[in-house]
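**Q** Here are the chains, one letter per residue:
Number of protein chains: 8
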Amino acid sequence: MNIDTLTQILSMVAEGALPVGQAADQLKHLSFEDIGCAHVDHHRALRKGFPEVIFGQGKTSAQIIAILEKLEQSENIVLVTRIHQNKADAVLSRFPNAQYFDDAHLLKIEKQPPAITGRGTILIVSAGTSDIPVVMEAFLTAKAMGNEVKTLFDVGVAGIHRLFAYRQDLEKASVIIVAAGMEGALPSVVGGLVKAPVIAVPTSIGYGTSFNGMTALLGMLNSCSSNIAVVNIDNGFGAGYMASTINHVGVER
Amino acid sequence: MNIDTLTQILSMVAEGALPVGQAADQLKHLSFEDIGCAHVDHHRALRKGFPEVIFGQGKTSAQIIAILEKLEQSENIVLVTRIHQNKADAVLSRFPNAQYFDDAHLLKIEKQPPAITGRGTILIVSAGTSDIPVVMEAFLTAKAMGNEVKTLFDVGVAGIHRLFAYRQDLEKASVIIVAAGMEGALPSVVGGLVKAPVIAVPTSIGYGTSFNGMTALLGMLNSCSSNIAVVNIDNGFGAGYMASTINHVGVER
Amino acid sequence: MNIDTLTQILSMVAEGALPVGQAADQLKHLSFEDIGCAHVDHHRALRKGFPEVIFGQGKTSAQIIAILEKLEQSENIVLVTRIHQNKADAVLSRFPNAQYFDDAHLLKIEKQPPAITGRGTILIVSAGTSDIPVVMEAFLTAKAMGNEVKTLFDVGVAGIHRLFAYRQDLEKASVIIVAAGMEGALPSVVGGLVKAPVIAVPTSIGYGTSFNGMTALLGMLNSCSSNIAVVNIDNGFGAGYMASTINHVGVER
Amino acid sequence: MNIDTLTQILSMVAEGALPVGQAADQLKHLSFEDIGCAHVDHHRALRKGFPEVIFGQGKTSAQIIAILEKLEQSENIVLVTRIHQNKADAVLSRFPNAQYFDDAHLLKIEKQPPAITGRGTILIVSAGTSDIPVVMEAFLTAKAMGNEVKTLFDVGVAGIHRLFAYRQDLEKASVIIVAAGMEGALPSVVGGLVKAPVIAVPTSIGYGTSFNGMTALLGMLNSCSSNIAVVNIDNGFGAGYMASTINHVGVER
Amino acid sequence: MNIDTLTQILSMVAEGALPVGQAADQLKHLSFEDIGCAHVDHHRALRKGFPEVIFGQGKTSAQIIAILEKLEQSENIVLVTRIHQNKADAVLSRFPNAQYFDDAHLLKIEKQPPAITGRGTILIVSAGTSDIPVVMEAFLTAKAMGNEVKTLFDVGVAGIHRLFAYRQDLEKASVIIVAAGMEGALPSVVGGLVKAPVIAVPTSIGYGTSFNGMTALLGMLNSCSSNIAVVNIDNGFGAGYMASTINHVGVER
Amino acid sequence: MNIDTLTQILSMVAEGALPVGQAADQLKHLSFEDIGCAHVDHHRALRKGFPEVIFGQGKTSAQIIAILEKLEQSENIVLVTRIHQNKADAVLSRFPNAQYFDDAHLLKIEKQPPAITGRGTILIVSAGTSDIPVVMEAFLTAKAMGNEVKTLFDVGVAGIHRLFAYRQDLEKASVIIVAAGMEGALPSVVGGLVKAPVIAVPTSIGYGTSFNGMTALLGMLNSCSSNIAVVNIDNGFGAGYMASTINHVGVER
Amino acid sequence: MNIDTLTQILSMVAEGALPVGQAADQLKHLSFEDIGCAHVDHHRALRKGFPEVIFGQGKTSAQIIAILEKLEQSENIVLVTRIHQNKADAVLSRFPNAQYFDDAHLLKIEKQPPAITGRGTILIVSAGTSDIPVVMEAFLTAKAMGNEVKTLFDVGVAGIHRLFAYRQDLEKASVIIVAAGMEGALPSVVGGLVKAPVIAVPTSIGYGTSFNGMTALLGMLNSCSSNIAVVNIDNGFGAGYMASTINHVGVER
Amino acid sequence: MNIDTLTQILSMVAEGALPVGQAADQLKHLSFEDIGCAHVDHHRALRKGFPEVIFGQGKTSAQIIAILEKLEQSENIVLVTRIHQNKADAVLSRFPNAQYFDDAHLLKIEKQPPAITGRGTILIVSAGTSDIPVVMEAFLTAKAMGNEVKTLFDVGVAGIHRLFAYRQDLEKASVIIVAAGMEGALPSVVGGLVKAPVIAVPTSIGYGTSFNGMTALLGMLNSCSSNIAVVNIDNGFGAGYMASTINHVGVER
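If you read the protein sequences in the order shown, they are chains A, B, C, D, E, F, G and H.
Residues in the first sequence are numbered consecutively from 1, following the numbering used here.
Residues in the second sequence are numbered consecutively from 1, following the numbering used here.
Residues in the third sequence are numbered consecutively from 1, following the numbering used here.
Residues in the fourth sequence are numbered consecutively from 1, following the numbering used here.
Residues in the fifth sequence are numbered consecutively from 1, following the numbering used here.
Residues in the sixth sequence are numbered consecutively from 1, following the numbering used here.
Residues in the seventh sequence are numbered consecutively from 1, following the numbering used here.
Residues in the eighth sequence are numbered consecutively from 1, following the numbering used here.
Isolated chain A (complex conformation) (with noise of 0.2 angstroms):
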């Protein structure tokens, strides 16, 4: 329940349009709901200004679904974060109107597209081409969350011609969202480039010491560029949910 919601229902109830009992009803359940296997916390949108996500790892389809359910009734929009493709399945024969993503193994209920609230756009770039289901993850989220979004693939410092020539690309956006595996280099050089603030995400692509993105996430947190903070390894939803809070800072919502 967002901010919007609840303030038409009291309103509402304020001007006699609403009952007293028909408004707790719909409240009652404004700071959680307990369904056994989880506490459903509505009153996130409204304290966070974006919905509960749903962490699909470790849940059984039965569990996510359970979840869905409640938060569904209220929400615009819920995602659902590390679901496969089997766990997918079933919750889209339950819930036909939801969306599958599978590169970034993400499922949205959207019910309408989300109005652009975010200040200016969040560029999402990439070091290499295997590393775009973590750059699709953070694309969905920040699209979710109300904001213009660009990206950019395979422009990493082995060939870095390439990045220079989207210097003007770089230079508009008003946060930059870095992802890169291996040596997890190009957040520093892009920081380097632009005043925006950067969210570098590590990916676990590689092999031997690239330790599943340890190195890669090493490095970023090593940067010499100081407009840069970093997320966890493959966490394609959190700089996406970063990146839009970053875009909205002073917004009112």
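What the hints contain is simulated information worked out from the structure, not anything from laboratory work.
Worth double-checking, as some hints may not be accurate.
[Unchecked claim] In silico lysine-lysine, DSS-like type, Cα no more than 30 angstroms apart, as pairs:
1) A:K150 <-> F:K70
2) D:K172 <-> C:K195
3) D:K150 <-> C:K70
4) E:K195 <-> G:K108
5) D:K195 <-> C:K70
6) D:K150 <-> D:K195
7) G:K150 <-> H:K111
8) C:K70 <-> E:K150
Given chain A's structure and the hints, the job is docking chains B, C, D, E, F, G and H onto it.
**A** For chains B, C, D, E, F, G and H alone, coordinates are given in the frame of chain A:
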């Protein structure tokens, strides 16, 4: 050299008020300057909105002074981070107008207080009293970059009612920095309460398996709150810098 | 101890030639059985208050059955932990009275429900829905050892009002088990609210730098709350066992 | 809670305008004090059964004194842990009634010896003579929290007959703390002999691959005895604190 | 080729019973033989007292067969370690006289049982039933190298009276191998009871922070008993080999 | 650079309107192609002496084909590394002239055999038979880059006379690649025997504490021989590439 | 107390030459003696063939002296390891007959030189000059335990002909200790040349990724030679002790 | 002894100009010389093209002097690495002709400047001013081995235009050494611009998760540029040595 100074020089050339030769002289180091031990990046303020900051660790005081002599000519404010008392003393005798902050191991030359250009207030929260040095580095950095900054010390999760008493301050901040050592749980709790982006900075406070801040860092990277990104251990400077870039999203500089 | 020695001791007791106390002393430390692949510890219930529990990992179903055949004779309740469905099926065909709990990967032979002997209620709290399998292992273990046990799922710190709604349950529990993955922050918050001892059990829920639960473990070991001790990652069994020993402090068994 | 609010509540109670129960409820969750560098948690003794303990590491002696000045007014006993001799000396000149224990790096202000409220005896066992400083921190903490405490030094597994000679003491203890460095095997052996809960505290004694106690910690977390939970390396304070909470299970305080 | 065969050939040459050309033919691969994918080390039995052992991991069955075809000609006994069932099947169809031990993942071609040449009995002790595969690899290796070998399973420290019942066997052994997973404490206890050298072999039994045997390994390296040396995790082969070399100290071969 | 711009530049050159030198300068740094999922770096052969190599891991076969379609037009030779059989099959049906090497997981499109341009012979040495796949990747890469390449398998340090028999080959090589798993000792021994630079490539052969090649890598980085530099674990491609650049030092291409 | 002294006392009792009371007095601490800070293990020489060795690290000089006062009465030889100069000085003023070896950080009280009881010669080989302190600790330990011991310094693999010049010494030794830092390759080469068991002792010599000896340790654990077992980093004492137990296999003591 | 001196001696013998006895005397230490604490490798210059270099760490100044006394007789140039000021002073009083470079912790005895024998110029690039000590060690080593060497300091990726200004120098170098700490991204960028081989040397500059250079090392090992190989952290000596061997590929020495 920032954008105002550059514009002024070029306008004077356009108006004939400044001969081309003199202008060229002033601009010749616009890009960078080779002083042997370093390539001073005079272009940084133009490109990034803030001049080069000197990383004091591993540099001799002679090297720091040599770089300062170049930067101090053209910039209103210059910072040296990770500089210890003995090196700072050598710098202070050369630059008597410099200020040294020993808790933050930071040295500053500031000709004029910077204008407040950030959108809102940056709030810096620490889990414990022992985290104060890291907070101070963040505070001084964000201040130097033109932000309103507030601090709140020692409100860690072992007595979480202390944090909740400041819930309004948390909700009003445009960006929040949270510094914590040990298990690094505070950013998750703060992140769960607010819409604003949270920059989490792990500190090296702790012992044994705190691994000098690694445990706090890992905790922050794995936060179940999504409006969080992380900087290096004890990197108060980076936290303050990143918070400032976020607080300036969409602000012309 | 072989049958002759046992018979001889018991005969002497029967004849009054050996005082009961002395006989008990002799029998107390002598009791295990060599079955080739294992030395079944029949003495454990006497010494530790609960019979030997079979660790299923790395054992063949034939070995598990062989050990069960010995333990099942003399014990009211026997547990096999970390046993997967296919091995469990083999065991179930030999012991049709056994029960298999597939979410907890635990098999139980229970002749009679154990008496409740623990002092108070053990409360098991999970940060997320995905932690439920670990919680179930703890729940079944603590139940088997004679305790009142309650559970509370999905009250993690990203929506901390959900936890606070159960503050009375927390305050009333004699021991609390807290299971959490990712950053593992929940035990610190719970520990800060109560007098009771908290057993923290990290789960392997998470990805990237969660390192299969290592991050949660480290967070728990470095908790700023002091009424916390930690067991191995995903060790629901150990958490339940330890909680039961705590709940029986000073209770004669 | 400031003085006005407190006075108002108490006046209402005095006037009969507020029932005692409701007033108590209001006061129970409202009590800390902001002294700038810290938020002193006056509520902790009420909530947790023991007042706030000051973690000395990373604090200046001025900060420690400032916090002590607040706590010392309202509490019978206050501890400062991880405080080295030179800081302790500064504290001792301000609080001449304080005691400093240099082997445990612990400072105590105790107005009256605490009453013994714990259920049974806490036994602290060390594998070697070199573990004594950690044991002393545990001993002093558990003593301060109202427990009978006994110690047993240097009974490690290389000469295991030394441990077995104390088998009766082990069996009689209500809680056992076992401190060991190197391979950390002692808690497993002790745990295998008794019913009581065992708090294992790894020490940093060792060299090379002892990794400053990490090896002992890992050994303890993987113990084949199940009545064991673990605290951080060298965390004698936490071990003593946890043992005391266990020894007070179900005891009204 | 061992020393006896070599002496016999050379004697026949000396006696004129073998023409030089034929002898050269037999000896020409005395040093090694290049078969493309491998350099078969025919000299090893002479130099080391036991022929080359084939490490099966990472080799195709064709490569293993090619090497066996060379070794089998000149050696009485050849071992292949770390060979899985499917590769072993291919080898068995080429060498029907080979034997495959699936619990130990070891394949053996043995023309004649080796003579017992070792000084005393090698005793192999396991902490748990799950460690048996590693023990079997050690057992088969030590047997193949001419030793009396005994085994003792499942006498871990959680029920230490089981170990003490075999104290005489421990004291009589000339070398002891101790295999243990989890915390790896058993070698320390065994080492503390005997004069004989103890080879500790960590196994990968455990979960979570057992780190696939790393915790057991670290525990063994940090043992407070000094008559212990350690081999790689799950390296039953190396343990058996090393024990045999110890059991042959000063024995002419 | 799109076709229009290129045509325009070349037309101006044809018309004498643009001097050749200036045109070359413009073309040298401008050449890549955006195909959506990738920015194909057509400039690489010009800049680096060898065309872009496609890293197969994490790419779909459709993406690999799309990139190949661009590179194959303009290059004589193209490599795809870390491509598994199933993806390779899809590529082979689109490019029937491609060759797939399944031991090296490498796919090659080669229009004409490259000329031998390297200074001397690159010798690739492996410690064991199991290292052959990594050696083959290095072999194919160095061959494709225009070098004489020789191999020598299974001459590890456990039978060091095998290596010494090839001392002349070692001394004659202009660059030596040494692949080894387990303890990775072979590069140190080889490096100690020759003047030539040695590229050490750790392989993931081993078990337990070999940590998938990390132990071999660390050993190589700490070699007491100084003519050694190291590439990532199992990075046969990088080893072959680096050896080729060394073998072409000072060679005009 | 060793077996000879014990036998002598008992014989005298049997012969009536020693009154029971006096014998009891002499034997009363046969098992162990509680001196407060330690439980001195008087039984160790009997059980293990060598008296308790004092681990100096973490003990005060007063504690070391207290333990020595007990051991020195009953033993012919006592060692203190890991004792630094300043503590050693305090011990030397109490026990003027003690000897301190500062390169090995070892202190010895020796009443009579021990008889040579070992089977053959223990050869200690070091890779470099910098490993000498660890070698000296091994040398002194093995000497004290009744062995012929030889040393060979600085024959590391970067100049492997130096090692081969001593091939006969290697082949004649009954046990070989090899100490090496950096990549720790020497034990593999030595192990490949001989039949005898090799005790590998990693040293902390190196920098960067030598990780204070961890790299050498890992290399040794993964040796492709199989007659190798490993002790802790810098554990010269353990290497010497283990070598002595091997050199005494089957020897009555 | 290098190849020229050896040839000269043998020629004189052949010509009868040098009696056999005298020649034998001069050559008797051709292989190595045992001086007790070390086996001086006189053969190294002949075999490797450069005499033995003394690794100063862990050696006493007496040991260093003893080795120098042997090497200095027969070699034109001798280096001691990782030698600190106090040891260097002792060496300098014995060898007044030695030079000590305190920023590089390197001591050199050079009778005559070495001839330039390398093919081209070695360029050493540092990311920051703080990396200069490592660069100086590489510089002095490569110089001593007969190379033209140039340096370029402080051109890290945070201001990448500084690097691009030196693009011609980069393209002209025959070998490039790149030293960088923190995220170690510079070698990837440099490697992407040139054909020449790049030796990457990670430095320990940084803090927190830079892990004393481990992060830079990992980044370099995972570079997306393929003409890169890596040496140990802070190993300027190895980088210079390796670069020299590369610069001498195919050069007769």
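**Q** Indicate, hint by hint, whether the structure satisfies it.
**A** Each hint, compared with the structure:
1. A:K150 <-> F:K70: At roughly 24 angstroms apart (the allowed maximum being 30 angstroms), K70 of chain F and K150 of chain A satisfy the hint.
2. D:K172 <-> C:K195: Given that 30 angstroms is the threshold and the Cα spacing comes to 25 angstroms, the pair holds.
3. D:K150 <-> C:K70: With Cα atoms ~39 angstroms apart, K150 of chain D and K70 of chain C exceed 30 angstroms; violated.
4. E:K195 <-> G:K108: Holds: K195 of chain E and K108 of chain G sit about 21 angstroms apart, inside 30 angstroms.
5. D:K195 <-> C:K70: 22 angstroms, holds
6. D:K150 <-> D:K195: OK: K150 of chain D and K195 of chain D at ~18 angstroms, within 30 angstroms.
7. G:K150 <-> H:K111: At roughly 38 angstroms apart (the allowed maximum being 30 angstroms), K111 of chain H and K150 of chain G break the hint.
8. C:K70 <-> E:K150: 24 angstroms, holds
Hints 3 and 7, counting from the list given before, are not met by this structure.
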